[in-house]
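J.: Sequence:
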Amino acid sequence: MISDMVIYTSLIGAFLGTLGMLLTSNLIKKILALGIVETSVTLFFTAISSKGGTRAPIIPSLPIENVHFADPIPQAVIITSIVIGFAILSLLLTFTIMLHNRYHTVDIDLIEGMLEGEEE
8 MISDMVIYTS LIGAFLGTLG MLLTSNLIKK ILALGIVETS VTLFFTAISS
58 KGGTRAPIIP SLPIENVHFA DPIPQAVIIT SIVIGFAILS LLLTFTIMLH
108 NRYHTVDIDL IEGMLEGEEE
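Using this note's numbering, the first residue of the sequence shown is number 8, and each one after it goes up by one.
Just so you know, these hints were derived from the structure itself, not from any lab. In this text, all values refer to a predicted model and were calculated from it rather than measured experimentally. Be aware that a few hints might be false.
To be verified - Pair ranges (Cβ atoms, derived):
1. 114 x 82: 15 to 25 Å
2. 63 x 109: 48 to 58 Å
3. 94 x 18: 20 to 30 Å
4. 14 x 108: 18 to 28 Å
5. 57 x 121: 44 to 54 Å
6. 120 x 55: 36 to 46 Å
7. 121 x 100: 35 to 45 Å
8. 91 x 15: 38 to 48 Å
Where a beta carbon is used, it is the ideal one built from N, C-alpha and C, also for glycine.
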């Protein structure tokens, strides 16, 4: 029940983040929406990979026949995706600062207009 609610919440968050990326022309808002999508995807994979009644894959003191271990691969993939997402967001913010220093705006429509004016 709780897991289903978490899955639905993550799907709604991913949809709203994607909508935010498509509908806004402000680069900072686009980056924030991308962060929402990334967090929603991480939450989704965490929700579908979690199972009740499992233990961490550490050498137990109990007999191995009685213990169900959690799969460590999804945990490693989720940690890796968090680190990669942080790196991408940091790089995007750096590029946005560079664009703001050059064009004095973060509105993508104005920047495209200035680029078309430079080509002529």
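J.: Now tell me if each hint is right for this structure.
T.: Results of checking the hints against the structure:
| no. | hint | verdict |
| --- | --- | --- |
| 1 | 114 x 82: 15 to 25 Å | violated, 40 Å |
| 2 | 63 x 109: 48 to 58 Å | holds, 50 Å |
| 3 | 94 x 18: 20 to 30 Å | holds, 25 Å |
| 4 | 14 x 108: 18 to 28 Å | violated, 42 Å |
| 5 | 57 x 121: 44 to 54 Å | holds, 48 Å |
| 6 | 120 x 55: 36 to 46 Å | holds, 44 Å |
| 7 | 121 x 100: 35 to 45 Å | violated, 20 Å |
| 8 | 91 x 15: 38 to 48 Å | violated, 25 Å |
Violation of the numbered hints given earlier is confined to hints 1, 4, 7 and 8; the remaining hints are satisfied by the structure.
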